[in-house]
Amino acid sequence: GAGVSQTPSNKVTEKGKYVELRCDPISGHTALYWYRQSLGQGPEFLIYFQGTGAADDSGLPNDRFFAVRPEGSVSTLKIQRTERGDSAVYLCASSLRDRGNSPLHFGNGTRLTVT
Amino acid sequence: AQTVTQSQPEMSVQEAETVTLSCTYDTSESNYYLFWYKQPPSRQMILVIRQEAYKQQNATENRFSVNFQKAAKSFSLKISDSQLGDTAMYFCAFRDNYGQNFVFGPGTRLSVLP
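Protein chains in written order, with our numbering: chain A, 109 to 223; chain B, 129 to 242.
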């Protein structure tokens, strides 16, 4: 079946602009995660959804970052007033269950470059 | 908070040889789950292998196996008969029994040389 889909694959924006990153999880996966990965580093947790609600948003770095999942499927990560430090690859992953050994299934990520 | 450490930033191995990537973690929990993920240049993270802490037997998946030492909080990945396609970043990840989140290590860049 189809895997996790992220669009766009690359996004270049100017400092101060607003961006939206989209994630379409695997059908039937109730848990959805956003991670941020800087060059040469491991994924850093941002936010996690169980269904429509954000179960844990403790990783969002500040109030410029916000994410939604209104129908419990597709999610959008929104970044306001972008800064050069926001440049990174943003990874989305989904999981059949939010417990135990249920693994994360990742998309290909969106590379965000803020100029 | 749990932490995951991978002490080898880069490693290389000759094709067909065996290589071991190290991972240690810190937790006060007794039940948890450990994972190894591979990230090739294409950027997509792919699950390699997983281990439940309550299982004493080490997990194996074809050429990939782990050495899980619970007392030492160590979870190393062994790749046998290395292939050029194994060239990638490898990340160790931890999830405890109560948390939904995965904690990832900083990664090891593995190069398989022809």
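Note that these hints are calculated values from the structure, not bench results.
It is possible that part of the hints are untrue.
[Claimed, not checked] Some chain B residues flagged as far from chain A (calculated, every beta-carbon gap over 10 Å):
no.	residue
1	THR155
2	SER170
3	GLN228
4	ASN229
5	GLY235
[Unchecked claim] Some chain A residues close to chain B (C-beta under 8 Å, calculated; not the full set):
no.	residue
6	TYR126
7	PRO151
8	ASP206
[To be verified] Label-pair ranges, simulated between beta-carbon atoms:
no.	chain 1	residue 1	chain 2	residue 2	range
9	A	VAL176	B	SER239	39 to 47 Å
10	B	SER140	A	ARG192	31 to 39 Å
11	B	ASP209	A	GLU179	44 to 52 Å
12	A	GLU152	B	ASN159	21 to 29 Å
13	A	GLU128	B	GLU145	25 to 33 Å
14	B	THR188	A	ARG207	38 to 46 Å
15	A	LYS123	B	ASP209	28 to 36 Å
From a predicted model like this one, the values you see are computed outputs, not experimental measurements.
The beta-carbon is built from N, C-alpha and C at its ideal position, and this holds for glycine as well.
Tested hints:
no. : hint                            : result
1   : THR155                          : 15 Å, holds
2   : SER170                          : 7 Å, violated
3   : GLN228                          : 4 Å, violated
4   : ASN229                          : 5 Å, violated
5   : GLY235                          : 5 Å, violated
6   : TYR126                          : 24 Å, violated
7   : PRO151                          : 5 Å, holds
8   : ASP206                          : 4 Å, holds
9   : A:VAL176 / B:SER239: 39 to 47 Å : 40 Å, holds
10  : B:SER140 / A:ARG192: 31 to 39 Å : 33 Å, holds
11  : B:ASP209 / A:GLU179: 44 to 52 Å : 46 Å, holds
12  : A:GLU152 / B:ASN159: 21 to 29 Å : 25 Å, holds
13  : A:GLU128 / B:GLU145: 25 to 33 Å : 46 Å, violated
14  : B:THR188 / A:ARG207: 38 to 46 Å : 24 Å, violated
15  : A:LYS123 / B:ASP209: 28 to 36 Å : 48 Å, violated
Of the hints listed earlier, those the structure fails to meet are numbers 2, 3, 4, 5, 6, 13, 14, 15, in rising order.
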